[in-house]
Structures are given as C-alpha cells and as structure tokens.
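A.B. asks: Residues per chain are reported as follows:
Number of protein chains: 2
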Amino acid sequence: MLNFNYSIPTKVFFGKNKIELLADNIKQYGNKVLLVYGGGSIKKSGLYEEVIESLNKNKIESWELSGVKPNPRISSVRKGIEICRENKIDLVLAVGGGSVIDCSKIIAAGYYYDNDPWDIVVDPRKIGKALPIATILTLAATGSEMDAGAVITNPETSEKLGTGHPNIAPKFSILDPTYTFTVPKEQTAAGTVDIMSHVFEVYFSNTKEAYLQNRMAEAVLKTCINYGKRAMDEPNDYEARANLMWAGSLAINGLLGYGKETEWSAHEIEHELSAYYDITHGVGLAILFPYWMEYALNDDTVDKFVEYGVNVWDIDSDNDKYEIAKSSINKTREYFNSLGMPSRLEEVGIGEEKLEQMAKGATSRGTLGRFKPLEAEDVLSIYKSAL
Amino acid sequence: MLNFNYSIPTKVFFGKNKIELLADNIKQYGNKVLLVYGGGSIKKSGLYEEVIESLNKNKIESWELSGVKPNPRISSVRKGIEICRENKIDLVLAVGGGSVIDCSKIIAAGYYYDNDPWDIVVDPRKIGKALPIATILTLAATGSEMDAGAVITNPETSEKLGTGHPNIAPKFSILDPTYTFTVPKEQTAAGTVDIMSHVFEVYFSNTKEAYLQNRMAEAVLKTCINYGKRAMDEPNDYEARANLMWAGSLAINGLLGYGKETEWSAHEIEHELSAYYDITHGVGLAILFPYWMEYALNDDTVDKFVEYGVNVWDIDSDNDKYEIAKSSINKTREYFNSLGMPSRLEEVGIGEEKLEQMAKGATSRGTLGRFKPLEAEDVLSIYKSAL
Chain S
1 MLNFNYSIPT KVFFGKNKIE LLADNIKQYG NKVLLVYGGG SIKKSGLYEE
51 VIESLNKNKI ESWELSGVKP NPRISSVRKG IEICRENKID LVLAVGGGSV
101 IDCSKIIAAG YYYDNDPWDI VVDPRKIGKA LPIATILTLA ATGSEMDAGA
151 VITNPETSEK LGTGHPNIAP KFSILDPTYT FTVPKEQTAA GTVDIMSHVF
201 EVYFSNTKEA YLQNRMAEAV LKTCINYGKR AMDEPNDYEA RANLMWAGSL
251 AINGLLGYGK ETEWSAHEIE HELSAYYDIT HGVGLAILFP YWMEYALNDD
301 TVDKFVEYGV NVWDIDSDND KYEIAKSSIN KTREYFNSLG MPSRLEEVGI
351 GEEKLEQMAK GATSRGTLGR FKPLEAEDVL SIYKSAL
Chain Z
1 MLNFNYSIPT KVFFGKNKIE LLADNIKQYG NKVLLVYGGG SIKKSGLYEE
51 VIESLNKNKI ESWELSGVKP NPRISSVRKG IEICRENKID LVLAVGGGSV
101 IDCSKIIAAG YYYDNDPWDI VVDPRKIGKA LPIATILTLA ATGSEMDAGA
151 VITNPETSEK LGTGHPNIAP KFSILDPTYT FTVPKEQTAA GTVDIMSHVF
201 EVYFSNTKEA YLQNRMAEAV LKTCINYGKR AMDEPNDYEA RANLMWAGSL
251 AINGLLGYGK ETEWSAHEIE HELSAYYDIT HGVGLAILFP YWMEYALNDD
301 TVDKFVEYGV NVWDIDSDND KYEIAKSSIN KTREYFNSLG MPSRLEEVGI
351 GEEKLEQMAK GATSRGTLGR FKPLEAEDVL SIYKSAL
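Chains S and Z supply the protein sequences, listed in that same order. The first sequence maps to residues 1 to 387 in my numbering. The second sequence maps to residues 1 to 387 in my numbering.
To be clear, the hints were calculated from the coordinates, so they are not data collected in a lab. Be aware that one or more of the hints could be misleading.
[To be verified] If you want the ones that stay clear, here's a sample from chain S, every Cβ over 10 Å from chain Z, calculated:
no.: 1; residue: D119
no.: 2; residue: G128
no.: 3; residue: E239
[Unchecked claim] So the derived list for chain S, only partly shown, Cβ under 7 Å to chain Z, looks like this:
no.: 4; residue: M1
no.: 5; residue: N3
no.: 6; residue: F4
no.: 7; residue: S7
no.: 8; residue: F13
no.: 9; residue: G15
no.: 10; residue: K79
no.: 11; residue: E209
no.: 12; residue: L212
no.: 13; residue: M216
no.: 14; residue: A242
Note that the structure is a prediction, hence the values are computed from the model and not measured. Glycine included, every Cβ here is placed at the ideal spot set by N, Cα and C.
Based on the provided sequences and hints, a complete structural model is requested.
C.D. replies: Structure below.
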C-alpha cells in the first residue's frame, strides 16, 4: 500500500425527499445562487419546480444557466462566470448529471481566475479559490457529485480535458434515487459502464497488497453488475437506483484509489472519441475497456486479471491463469452487451480516419498509465482492434 | 437502503513518515496543545520524542496528560479539562490507541461544558462546541481516529458508556502503520477482533438491499481475516499492519453503516464486562460475539448468516441454510481462537456472580438492537451460554 492523504469533505444527503435540506444548507454560504442545468429533463420531471419553490420560500435569489450539454463546453463555463460576476453569486447549484456538475465546478473556480477559464482546465495548478458548489444529482455515472474533478470540452481545439482541485469538491450533494427513475435505458446503461470504468482505472494497478482497497473496489463492481440491468428493466426500482447512485459516488471519490498507483489511461483514450465524435462517454468506455484489457494482459499483469475474474465474476480459481483472465474480459464485454452497449467503434460511426490523430492526442500529455504504460502507437493498436 | 446523511470530515494522513505533516496541520488551529497519551509505550518506541521534537521545532507549546488507561476513566477527562482551561489550549492531540483518543474527545467537548463532563457521556445531546482534536494512532482497533464517538468508564458507578457528536470527530489523524509494529501479539489480536466486531454490528441488520454496504463490509472482514494472524506472527509486516490500520478506520467511520439499521447490541453487552471486570474490550467481544450470533440465529435471520458464510468464509452455497449459518459462526469462533482469543467467560475469570446485574445494566437504556432485539433476560441467556 502506498502513502496517501485522505480527504473527502463533501456532505451527502442521500434518499427520498432529501431536498428538504437544500435551502438550509445553501444559506450557510449565502442567498444568491446560480442554478445550472441541462436540457428540459428537470422541468419535465418536476424537479426544477421543486428547487425553485424551495429557493423562493426561503428567500434565496437565483439566476440561471441552462442548456449545459453532455461533454460540457468551455463556452457554457464562460457564460456562467459572467452571470456570477454580474450578480455577486454566493453559491453555484448544479442540478443534473456529471456534465452540469463539471461545468459548475469550473464556473466556481473560474469566478476567481482573471484570464480565460480554459487555462484552468489545461493546467489545474492555476485553480485557486472557488465559489462553494452544491449539487442535486439526477444521473448515477460520473461521481462528480463527490469528487474534486471536472472534464470540459473545447470544440475549437477538439480537446476534452480533465482537471481538478480540492477547492472544487462540492460542499454538499443531494442524492435522491427517485430523481433517476426517469433516466432512459441507454443512459442508465452508459452510467453503469462509467461507474465500472472508474473502478477499473484504480483496480488494475501495480500496487501490491492494497488488499482492502481491492476488495472494496470489487464490492462496487459487483453492485453495478447486480443492479445495472435491473435498473434498465425496472426504471422505478428504488433499490437498484439507490445502489447504483451510491456506487457512482464511492467509485471515484478517492476511497478506492487511496494507497494505490492508479491508471486512468482508458479514460484518456475515450476522451478523444468524445471530443472528436461527441459520443456518450459511457458508450465509448464500453467499447474500449475490453480491448484495453486484452492489450494490457501479459505475464506481468495476468495475476491481477485472475483476481478480477475469480472475485468479481466467480470464475473457478482452479482454471489456467490465462483462461481465467481471458474469460474475465469476455464476461466484461458480455455484460456491457447485455446492457445494450456496442462492442465496436464502427457501430457508433467511427472509422479509421482520425485514429492516428486521436492516438497522438490521447498521449499528448505523456505516456498513459503505469499498469500497462501506453504510447501513441499502443493507443493506435487499441483503437484498431476496436474498429 | 435507508436514507442517510453522510459526513466524514476527518482528514487522514496515512503511511510512513506522515508525522512530517503534524506541525503544519496543528498550526491551522493554534499553537497551544494538550498532548494526551497512555503509559510509557510511546516513550519506549521513540514516538514521544518525535512528537515533542516536531512541536518544539515549530514553536508549538505543549502540556501533557499522561497515564490514560484502557477503558479510560472520567477522572482523566476531568484532569485534562482542567489543564486545557488553565492554559487556554487550542487543540487536543491524542497520541495512542482508542482509549487515549476517546479521552481526548471528551476533554475537548468538556472544555466548553460548564458542569461535570460525565453528563455529556451520559447524554450526548449535551455536547456542543469542542476544541479541535488531532490524533496520532498507535493501535488498529477502535476506529476512534476517524469517527465521532467515545467510550468512557466511570468506576464509581461501574458504568462504561458510549457517547458521540459530530463536533468531536478529529480534524485530522496521522496513521503510520510502523507505529503499530511494537503492538504486542495479544493487543494485535484484540484489535483485529474489535475491528471485525464493529463490522458485525452494522452487517447483521434487517435492512434489505443495502447491497453495496454489505459487500464493502465483507471487504473489511476479509481484510481482518487475511492480515490479523499475519500481523501477530510478523509484527513488522508493513502490509499487514497497513491493511489492518485502514480497515480499523473504515470499519466504524460511518461508511459501512450509512443506509442501514445498525445493531450495536453485542457492544453494549461487552461494555458491562469491561466495566465490572476491566477486561480488554476485544477479548470480551471475541468471547461474546459467537454466542450472540447463535442466539440471534432464527428463521428471520438465517439468510443474513448464509450471506455471511458464503461471502466471507467461502462456504458452499449449495449446503443447507442452517448448516451454512452454523458453520459461519463456528468459523468465526475458530478464527478468534487462532488469534489466541478465549471462548468462555470463565477463561477470563468471570463467573455467575454479576451476570444478572450486568444484563440489567446492558439494557438500562432500553431494548438492545433490532436485528435480534434483546431484553435483560436475553442478555442473561447469552452471558450464561458463554460461561
């Protein structure tokens, strides 16, 4: 186990009707709020009205930034910062999924940054003070509601980059699983893949004897496997939605990665797909991860795949090591398929054209990962195998 | 899954040499410290000197309360509060195991309480403001380094009571596994049992479909089973010590219990033993827990024991339900025995004399638990079966 500094300061109010705690908790920070949301889904579901009612009743003034898209754009961030500065906002309230929350985080940090906010996406060290952020989550996926990271897209440069800083962790997040009842099948599936992929990035690691972390990571993976399909088939199943929602937060709030070398290479590889083709992040991950696993499997890493196969997929530990490893990868792909996810880039309209360009892009900040270090040519091989 | 409010604000600096962060983190709260510790073990190990050196070098003034005993006494708390008030202490620094930390917590809260601090042990609602608390942990066991609880003993009334309040959670804790290399075999064993018993209290629960929490609880149990004996046999095994240390914190910081009904009845039953006979908490738990399990096993609870047996002890799930359940209890007792723990009260010099009195004491605040609710007569039965 490696040394680590643990800090997970976000408070989580989890369960039915927890929105009743919203106003009191906002007021600890002030009474001028920027409400950030996406399309009309929170209006259709009634959540928007519920939020506005709570704010009004408690004399909290609010301004709005709506229309934040999946793979949130730096242009939305710029707009949000403007509104905050004009109105001396006290707190940024994100109501939505990861894109809305990520956008809110960079608005909150950008508020105190004098130049263009794309700078603080490119270089997290430029993040300093930030406005307090709160979230009401409507999608179990990115874990942004409980972590200190954000991913922003710049269409002008075809870049999709991750950034992060302790100051942009939300002060509190309201996680009411009933808000995810209306999430469509495909998004439920993509969210489940996203959660599992966050675990993969910290689970497949060179660190020996992070035994506790590994067993906890398996706990989160099993939860996704147990409830992902069920939530698709029974969208109003509270227990399925609740387990997925909490799994999403714990997958990436730091808990599973503390004390380990972590990987995050498949995410970088996928970010290129979303940046160039604007596909859903979870869909890209579902396609790429099994190919990444196949590429990463070798004599140095096979034992880790055996651990994965035996503990997560209940594969008989008496089998041959490589047999277990390959079977664990197949089971992963089969599970993603059972969620309706594609297995090949062609299925989402991605051909050979930009693969080299994307492989270079993915490695533009250096070698990816340490479990299986990847250069541009390795990334290209993975893309090609996934065609 | 039940609704819950998650807040685990304690920062943890985990690993070798993390003491280098001590002074800077203390200074965020002031420069006058009450150093609380137990017997001479931290002097023998050199940790005391290391702490003093760090304080001196950084111009942090310190006062000392030493001699805090296992099952810490309210008299130590009173003494600590006096020193704090006389010297306008800014932060209470606990260096030791759970007893030292628990004592420090009540000193910190008692500082702001005008009457006798035993009041705030008896009635947690009387806890208000508290001095900031920091800890340097030397024993993996109680989890007090990352939670908001404390257990204090009053020998005058033969009471050992648990109390708690969010304000007494440590601001930060330094967890360096090397500080536990010198923990004797018996204490390593008792600590491992203590950690496992904290998990049992939240694992055995009526709450259905807290699937994620259950799998995480099993992760902590497996970690204890994997490393407890190893740490006894190889006291300087860093990985064993590290896994146990982190398991101890995660077992009771709230993570495993959020969203569930929790039990805590075996702890109440054990507290009576320690209050009357001053035996080691973990030893009392090792004796009592298997008997509590046997008493709790019935048609309503058997499925939970099957889950435990199959997932934690790898018992074949095709076996008869009761066979699995009983086997899981036997394996628990056998594991405790393998750590050198006794199985009967007689072995630690406890006879029939005070059983009735203790059974009444354990239930003096009402029925214990909900998984298997216990009245005084039930507790007495458990004591008697354990004789």
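A.B. asks: Take the hints in turn and mark each one as holding or not.
C.D. replies: Each hint, compared with the structure:
{"no.": "1", "hint": "D119", "in the structure": "holds (29 Å)"}
{"no.": "2", "hint": "G128", "in the structure": "holds (18 Å)"}
{"no.": "3", "hint": "E239", "in the structure": "violated (4 Å)"}
{"no.": "4", "hint": "M1", "in the structure": "holds (4 Å)"}
{"no.": "5", "hint": "N3", "in the structure": "holds (3 Å)"}
{"no.": "6", "hint": "F4", "in the structure": "holds (5 Å)"}
{"no.": "7", "hint": "S7", "in the structure": "holds (5 Å)"}
{"no.": "8", "hint": "F13", "in the structure": "holds (5 Å)"}
{"no.": "9", "hint": "G15", "in the structure": "holds (3 Å)"}
{"no.": "10", "hint": "K79", "in the structure": "violated (32 Å)"}
{"no.": "11", "hint": "E209", "in the structure": "holds (4 Å)"}
{"no.": "12", "hint": "L212", "in the structure": "holds (4 Å)"}
{"no.": "13", "hint": "M216", "in the structure": "holds (5 Å)"}
{"no.": "14", "hint": "A242", "in the structure": "holds (4 Å)"}
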